[in-house]
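K.L.:
Go by the hints and put chain B onto chain A.
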Amino acid sequence: MEHPIRTTLAVTWDRLHDDTRRLAARLIQDRRRFDGIIAISRGGMVPAAILARELELRLVDTISIASYQDRQQGEVEVLKGVAGDGKGMLIVDDLSDTGATARMVRKLLPEAAAFVTVYVKPEGRDCVDIFISEVPQDCWILFPWDTSAQHVAPMALAAADRSRPDTIAD
Amino acid sequence: MAGPQDRQFHGTLPVSWDRLHHDTRLLASQLILDGRSFDGIIAVSRGGLMAAAVLARELELRLVDTVCVGSYRGRVQGDLQVIKSVPGAGRGMLVIDDLADTGATARLVRGMLPEAFLVAIYVKPSGRGNVDMFVTEVPQDCWLLFPWDRAPRNMPSLVMEFPEGQGRPAEAD
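Chains A and B, in that order, are what the protein sequence lines are.
Positions 28 to 197 (my numbering) are the ones given, in order, by the first sequence.
Positions -14 to 158 (my numbering) are the ones given, in order, by the second sequence.
The set of hints was computed from the structure by calculation and includes no laboratory data.
Hints are supplied without guarantee of correctness; some may be wrong.
To be verified - Examples of chain A residues toward chain B, derived with CB under 7 Å:
id	residue
1	R42
2	R69
3	A79
4	R80
5	R85
6	L86
7	V87
8	S91
9	A93
10	V103
11	V105
12	L169
13	W172
14	T174
What the hints assert, rightly or not - Straight line, CA to CA, 30 Å or less: simulated DSS-like cross-link-like pairs of lysine-lysine:
id	chain 1	residue 1	chain 2	residue 2
15	B	K69	A	K114
16	A	K134	B	K109
17	B	K109	B	K69
18	A	K134	A	K114
19	A	K107	A	K134
20	B	K69	A	K107
All C-beta atoms, glycine included, are put in the ideal place defined by N, C-alpha and C.
Bound conformation, chain A alone (with noise of 0.2 Å):
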């Protein structure tokens, strides 16, 4: 099902180091090991550093993956997979929007530890094992690595800008 865009959330660098943080010490108080991390690139590239980092993993990979066109959830292919069967690992991505991509990693990676995201939205909930914040499905993440921060008009002038009646709920 596909959702009309409504709202975005811009999320900054801090916040998901503090979110995948909070991610990391779950992972420790629910007592899980991991030989490894598998991150799915690219979203899933600076939570897995993170995640590495916290829980002391020097053996981090990647499944690279190419999902989204734009806004929409398109086809999902795999331009490199990981040897073997996710036996032992830890497999992190940013979001789990619709779910897509996590069955498809789960169906490549059967024997993971665990699948874990710092977001997920409704949809793509129940295909994470651990998560930290879920959003509504029609909110847009923006994650830090696709922003940058730009001088923006003051809030009054833009909502006499008719021409940008979006300016302001953003």
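P.N.:
Quick look at chain B alone, frame taken from chain A:
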């Protein structure tokens, strides 16, 4: 991890996420300006992971792999151990690390991937000659405090920490 008592380091440069993002984007723009194109990117894990994510995004590279090298023990670079490599000689690939410090990791990775283009965001003088491109050089005795190694903690005011001019503030370093 070693602390300020570690005499080997005279200054600490905290690098924020935003700063590292900005510096990595500078590296990406330099690569684009130079007309370099790549088939994919190889992060030297763990330090190069975040920079690799940023470069891959800016250069529209979907293929991201890693080489995993264990080196630092606290602040001291010890023996290097390759935990994961990649097949091939790195042809067409961009290899990225956060820092070329002594250059030991860069030399090791260069030996594994002689045909790759090797870059680092930061270099120190000893490591500078081992990479093909970098953004910023820092002194050899400067300790870079990367964002994944930091978290906000309460701190005493400088006056409380250094009463009557005893010792000197970290900011003076």
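K.L.:
Of the hints given before, which are not true for this structure?
P.N.:
Violated hints: 1, 10, 11, 12, 14, 16; rest satisfied.
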